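Chemist: Read off the chains here:
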Amino acid sequence: MGAISVFLALKEKLFGGRDGASKSVARSRLHFVLVQDRTGLTNEEMASFKSEMIGVIERYFVIDKSGFDISYKRDVETTTLLINSPVVVRKRSDEKGSRLSDKFRRNKSKREEAAAKSDKQSEGETSGESAVEGEKPAPAAI
Amino acid sequence: MSLGNGSGSKKNQGEVIVVTSGKGGVGKTTTTASLGAALALRGKRTLVVDADIGLRNLDVILGLENRIVFNLVDVAKNVCKPSQATIKSKKSNNLYLLPASQTDDKDVVDESEVRFALDQYRREFHYILVDSPAGIEQGFKNACAGADSALVVTTPEVPAIRDADRVIGLLSSKGITPSLIINRIDYDMVRRGDMLSVQDVQDILGIDLIGVIERDESIIVAANTGEPVVYNPKSRAGQAFSRIAGRICGESIPLTGLNGASLWGRLTRRLGVA
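If you read the protein sequences in the order shown, they are chains A and B.
Sequential numbering of the first sequence, starting at 1, is according to the numbering used here.
Sequential numbering of the second sequence, starting at 1, is according to the numbering used here.
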């Protein structure tokens, strides 16, 4: 017992790597405050910016809203507003797309259904026009 | 790597570098004193300026508190000649201090007065390091007024990084792209996942890194005695400050060991060998 705990302590000291450590919390909290600080937008403004952005993107794509993320990245020369939106499919309105869309709809998860539903509400698109470009949701930076 | 942005670093003119951070207590004064001493050790005539009017401390960090006659405000207001206000360091003929006034308020001088004061030292010194007060108000603006370039000091903690980010934004709007110093890193904590790594901080702040200082007890000992840490050859922090001074002078000194020492290095350090 003693030998094992000594070994584990030594291993942690030398190689590190404890799961769920506080650094990742620090990083995500910083991410949050810095987007606010850098953009100068209030919480409410950021929330409405975010929902408007989602609205615009959803006019053309079916996206996984849970992965939607806005960041404001500074580099030595430039400052960039990064909008990261995982794209599930690209919307298209041809017939072939319709068929593929049916196939996709059978396979899609609950969350994606919710995304598609609110998409219809907000954008007023007619049903059955989403086309599958790839079967698997693939995150993509926009 | 020269820090100069081109604007003020003409030939035969010293470079004014402001040391700032936003948040207090991250090591601005220690950094200014240590880099000043390290630059002086490299043969560069260096003036360290305490711009923290009303709360001066650079004098005690350098052990020069009992020699002050005139100060930055006196030079800014033309009360004395520039050479009357500077105090020579006990340890080096190349290092001088321009102290802050302890009795005045931060608003007693404005940006053009500080610029006027500092410009008078450009001919005599290679480097003029300005220790900025914490915050982003008038004191900070004054400290940045005459600066050609900037060093932003942060520690790997959320509040310090947040404030550093704010200051970097403010400096950028003045046309200054600062270089980053990460102070008080503890590689054991980084390895355990309980401290942001050098790479994390660099990724977040997005400016060039000029050096990393490990958390080191010798800093406190140096502050106690009023003798800059770079005079202690065993101090890892002192060595790190010396390397930064080299980089300021344009020497290419690689940023090594940013993940802490190698396994062998860690073992030997643990055993007290290295």
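No wet-lab data here; the hints were simulated from the structure.
For clarity, every value in this text was computed on a predicted model and none was experimentally measured.
Any given hint might turn out to be false.
Below are the DSS-like pairs computed for lysine-lysine, each with C-alpha atoms no more than 25 Å apart in a straight line [as the list claims (entries may be wrong)]:
{"no.": "1", "chain 1": "B", "residue 1": "77", "chain 2": "A", "residue 2": "23"}
{"no.": "2", "chain 1": "A", "residue 1": "73", "chain 2": "B", "residue 2": "174"}
{"no.": "3", "chain 1": "B", "residue 1": "88", "chain 2": "B", "residue 2": "77"}
{"no.": "4", "chain 1": "B", "residue 1": "77", "chain 2": "B", "residue 2": "91"}
{"no.": "5", "chain 1": "B", "residue 1": "141", "chain 2": "B", "residue 2": "90"}
{"no.": "6", "chain 1": "A", "residue 1": "50", "chain 2": "A", "residue 2": "91"}
{"no.": "7", "chain 1": "B", "residue 1": "234", "chain 2": "B", "residue 2": "90"}
{"no.": "8", "chain 1": "B", "residue 1": "23", "chain 2": "B", "residue 2": "77"}
{"no.": "9", "chain 1": "A", "residue 1": "73", "chain 2": "B", "residue 2": "91"}
Chemist: Quick one: which hint numbers does this structure break? Sort them smallest to largest.
Modeler: 1, 4, 5, 8 and 9
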